[in-house]
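S.K.: Chains as they are written, first to last, in the numbering used here: chain A, 15 to 148; chain B, 3 to 359.
Rather than coming from a laboratory, the hints here were simulated on the basis of the structure.
Fair warning: this is a prediction, and the values are worked out from it, not measured in the lab.
Glycine included, every Cβ here is placed at the ideal spot set by N, Cα and C.
It is possible that some hints are incorrect.
Said to hold, decoys possible - Keeping only pairs whose Cα atoms sit at most 25 Å apart, straight-line, the calculated BS3-like set for lysine-lysine is:
#1 Lys172(B) / Lys156(B)
#2 Lys113(A) / Lys183(B)
#3 Lys38(B) / Lys26(B)
#4 Lys53(A) / Lys263(B)
#5 Lys183(B) / Lys263(B)
#6 Lys53(A) / Lys132(B)
#7 Lys263(B) / Lys294(B)
#8 Lys156(B) / Lys263(B)
#9 Lys183(B) / Lys172(B)
Unchecked claim - Reference listing, derived: stretches of chain B covered by chain A, where coverage requires no fewer than 3 residues with Cβ under 8 Å from a Cβ of chain A:
#10 197-208
#11 324-338
#12 345-352
As the list claims (entries may be wrong) - Residues from chain B shown here face chain A by an in silico Cβ test under 7 Å; the list is partial:
#13 Ala299
#14 Glu342
#15 Trp356
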Amino acid sequence: MRDDPDGAELLRHARALLLGEVLPALPEDLRYQARLIAKALAIAAAERTSGPGLLEAEADALAELFGEARTPVAREAEAVEETLLRLNWRLAGEIRGAKRDGEAQVYAIVRAAMLARLREVNPNLLEVAGEGPS
Amino acid sequence: MTLNLLTEANLLTEARPALEGFLKESSGARAARIVKAAPLTDGAIQENWRLEIDFDGGVLPGRQDLVLRRDAPTKVAASLNRAEEFAVLRVVWRAGVTVPEPLWLCTDSQVLGAPFFLMRWIAGVALGRKVVASPSLGGDREALAGRLGEELAKIHRITPPEPGLGFLAKPVPDPLRHAIKSYRVFLDQLGRPHPGLEWGLRWCETHAPPAGDDGGEVVLLHQDFRSGNYLVDARGLTAVLDWEFAGWGDPIADLGWFCAKCWRYSRPDLEAGGIAARAPFYRGYERASGRKVDAEAVAFWEIIAHLRWAVIALQQGARTLSGGEESLELALTGRLYPPELELEILHRTAPEIWRTL
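Chain B with its partners taken away, still in its complex shape (with noise of 0.2 Å):
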C-alpha cells in the first residue's frame, strides 16, 4: 500500500484489514478490531495517532489506548527513524526512565506505506505554552523540577556501547567543537549570512569552559528535553516524549537546553524550564546522578542551546521556500525565532565580556 498522509477515512479503510492483521499478529490475539482512530496534534515532524483497539486475547486484551508513530514524508536531517526511534524507547523504558511503553515496531512499507511503531498512550498535556502558564497541571512544580532532573540523570546513566543503539553516531571526541562546527556548515547551507548567529558562535569558541575532572563524559543524550516535551497531568510527570534527536554527548549539553530562556514560554523568571527556579531541578539531577552541576558551565550551554535552536528554526524556514514544503506553521518559525534568539545570545555576548585573547 502506498500512501503519502493518514487520514481518520483511511486509516479505517484501505488501511485497516493490514493494520489489524498486524496488530493481531504482534500481541498474539486472536482478533485486533481499531475501534477508533484520532489524530495527535503535536507532530510538526512525525504523523501520530491516538488509536483505541479492541484486542480478542493475545498479550494485551480488551480495549487499549495506544499511539501509533508513522515516519511523516519528509524528514529533519538529524532525527531518527522510527525504528531508530523505537530502539531508543526500549532501551530508557527498560533503564525506567518515565516513556510511554514501547510496544510493536513495523518497518514492512507494505502496512501503511512507511514504517511506524505503537506505543501505549498515556493522558497528559506536553504543550509548552499551556503546561507553563497552567499552575494547577505538573502537581507541585518544585516536585515537578526536581522529578525532571531526575528522569534525565536516568538517561545519562546509559552510556556506549549499548547494544541496541548501535545506529546512533559514534561519540565526537570535541562535543562542543562538533557543535559549532556543524552550525556554521548548517548556516553556509542557508544561503543567507547571519553575522549575529556568527557572533554568537564565534564567543562560543572563544568562551568554552574547560574540561572538568570527568572532560569527556559521553553519555546518552534525549537532545530535545525542555517543556513542551513531557507530558503532566494534575498530580505530576506522566511521561518523557519526542525522542527522534537522541545520541551520544556530554551530559552538560541536557541541561543547558532544558534551562535555556527559550524554552521558559511566558515565565523566564523561573529558570528550570518556565516551571520552577533551577535549585530543585539541579538537586534533582544531582541526587540521581552523582554528578554535580556545574552551573557556570550550564550557563554557556544555554548559549548554544539557543544558536542550535536558531539554525533549527531557520532551516524549517527554510524547507518551506519555493518547491519546498506548504507550511505556515513552518514559515513562521524560520521568521519569527531567530530575531529573539539572537536578542538572547547578544545579550549574553557583549563586548564588556570577552576576554582578552
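This is chain A alone, in the form it adopts within the complex (with noise of 0.2 Å):
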C-alpha cells in the first residue's frame, strides 16, 4: 500500500507551482510550452482521479449492445482494456459496414465515450455540450 498522497494529487501540487510561480518568471518564449507542460498535468491527474469506472461503464455499454454479459468470469478473464479495444474495433466495423445506420443506442455509447475522453481532457467544454462542469 502506497502513502499519501497519491500521483493525482503530486501532479495536481506540481501544476499549481509551475503556473503559479515558474510561469511567470520564463520569458515570453518559453510560456506556451510551461503551459503545455501544465495541460500535460492536468490530464495525467484527470486520468487517475476518473479511474477504471469509466471504462468500465463504456464496456458495460458496448458489451450490452452486442448481448456479451460481463459477468465477474467474464471481467476476470479478459482485462477492461482488452475488451473496450475488442468491442470498439467490432462497433467501428458495424458503423463502417453500414449495419449501424442512425440507430439511437450506438450514438448514446460514441457520445458518452466522447464526453468521457473530453472530461479528461477538456473539462471547459462539457457546459458546451450540454453535461455541466463535472
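Combine the two chains into a complex, taking the hints into account.
M.R.: Shown next as C-alpha cells:
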C-alpha cells in the first residue's frame, strides 16, 4: 500500500507550482511550452482521478449492445482495456459497414465515450455539450 | 553540409558562407551579408527563419527582411516539400493572391542540409487565437472577412492544367468519397478504433449533398485556409500563409474548412473564422468568384472539416509514440482535440436527422 498523497495529488501540486510560480518568471517565448506542460499534468491527473469506472461503464454499454454479459467470470478473463479494444473495433467496423446507420443506442454509446474523454482533457467544454461541469 | 536542425549560431557561422553565396548569386548582388537571423515560432512542421540581409547591388539592393523556409527533418504525409510549395507560391503570387513574394528556391542540399526557399518577410500577426481575440487586429472585421472571401476566390480561379503545378496529384472524380475513403485508411493505420469518427464518416457518406450544376468543378485549393494561417496588421490582411497542403479539388471544401467551428477559437458565434458573420465572407467570395455559395453544402463540408482535423490531430499524436518524435505539442494535439471535434461531429449527426435510406 502506498502512502498519501497519491500521484494525482502530486501532479495537481506540480501544476499549481508551475502555473503559479515558474511560469510568471519565464521569458515570454517559453510560456507557451510551460502551458503545454501544465496541460499534460492536468490530463495525467484527471486520468488517475477518474479511475477505472469510466472505462468499465463504456465496456458494459458495448457488451450490452452486442449481447455479451460482463459477468464476474468474463471480467476476470479479459482486462477492461482488452474488452474495450475488441468491442470498439467491432462497433467501428459495423458502423463503417452500414450495419448501424442512425441507431440511437450506438449514438448514445459513442457520445458517452466522447464525453468521458472530453471530461479528462477539456472539462470546460462539457458545459457547451450541455453536460454541465464535472 | 549536413544539418539536422538549424540554429541561430550555425546560420551565422558554419552555414553562413554557403547561404551568403547563394543569396549573392540569386540576387545578382556584388555581395550579400546576413545581418540577423531569428527563428519564426509558428512552424510546427516547417523551419522558418527571419533573416535580415544586406545586399550590395543586385535586384534587391540594400537592407532586406526575408523569410527562409526549409524542409524540416520530418515531414507530414500529404504535405508539399519546399520546392513544390515555392512553385505554388509563384503561381498564386502571379494570380494576384496576397502572399509574401516568393524570391529564390535552393534545391541543393549542400547549402543548408535540405532544400529551402526565400520569400519576403511581411509584418503581421497570424496566431488564430490572438487574431480572433483581438478586435484591434485586422481592421474592420466585416471588411476583413469580405477580403478573405475575395482572396479565396482568387485562389479558386486557378484551374488545371497549370503548367507550374504538374506535381500536384491529379484531381479525383468524386472528391467527397475520396476524402471519406482516405480518412478511413488513415484511421486504420492508427491502431486504435474510433467509432465516433466512423459514425461521422458514415453519416457524411449517406448524406452527401447532390453535386450542383457545376458538379465536379476542380480548382486550386489552399486546404488550410483558416484563421491562424493569414497575417493581419491593424488595418487588415497582409498575407495568406501556409501553402503546404495545396491541391486540386472542389472549391466548397475550402469554404467549409474556413467556416468550421473548430477554427473560430474563442468566438464560435462569429461563424466566418471567428472574425465575422458568414454573410460578408460569402459576399466577398461570391463577388470575386461569380459563384453562388451553397450554404447547405458549406455546412456539410464543415462536418468533413472536423473529421479531417480529427484525423490529422490523431496522426500528429501518433507521431510521438515510442520511438517517434519528442514533441509535447504534437502529443497533446493527438489527445486534446479529437474529443472536442467529435463533440461537434456528433452534435450535427444525431439519429433524429439521419435520413431514412
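S.K.: State for each hint whether it applies.
M.R.: Cross-check of the supplied hints:
Taken as a hint, the Lys172(B) and Lys156(B) pair is honoured in the structure, with Cα atoms around 21 Å apart against an allowance of 25 Å. Restraint check: the Cα-Cα separation between Lys113(A) and Lys183(B) comes to about 18 Å, which is no more than 25 Å; the hinted pair holds. At most 25 Å may separate the alpha-carbon atoms for a hinted pair to count; Lys38(B) and Lys26(B) meet this at roughly 16 Å. Restraint check for Lys53(A) and Lys263(B): satisfied, since their Cα atoms lie roughly 22 Å apart, inside the 25 Å limit.
Between the alpha carbons of Lys183(B) and Lys263(B) the distance comes to roughly 23 Å, so the proposed pair stays at or under 25 Å and holds. For the proposed pair Lys53(A) and Lys132(B), the alpha carbon gap of about 19 Å is at most 25 Å, so the pair holds. A distance of roughly 22 Å separates the Cα atoms of Lys263(B) and Lys294(B); the hinted pair therefore holds under the 25 Å criterion. This hinted pair checks out: Lys156(B) and Lys263(B) have alpha carbons roughly 24 Å apart, not beyond 25 Å.
Among the hinted pairs, Lys183(B) with Lys172(B) is consistent with the structure: their alpha-carbon atoms are about 16 Å apart, no more than 25 Å. Under the rule that three or more residues need a Cβ within less than 8 Å of chain A, the assignment of the segment 197-208 of chain B holds, with 7 such residues. Chain A is given as covering the segment 324-338 of chain B, and this holds because 6 residues of the stretch bring a CB closer than 8 Å to a CB of that chain, at least three being needed. With 4 residues bearing a CB less than 8 Å from a CB of chain A, the segment 345-352 of chain B meets the requirement of three and the coverage assertion stands.
Taking 7 Å as the C-beta contact cut-off toward chain A, the hint placing Ala299(B) at the interface is violated, the least distance being around 21 Å. Among the interface hints, the one on Glu342(B) holds; its C-beta lies about 6 Å from the nearest C-beta in chain A, closer than the 7 Å criterion. A least Cβ separation of about 3 Å between Trp356(B) and chain A falls short of the 7 Å threshold, and the interface hint therefore holds.
Hint 13 alone, counting from the list given before, is not met by this structure.
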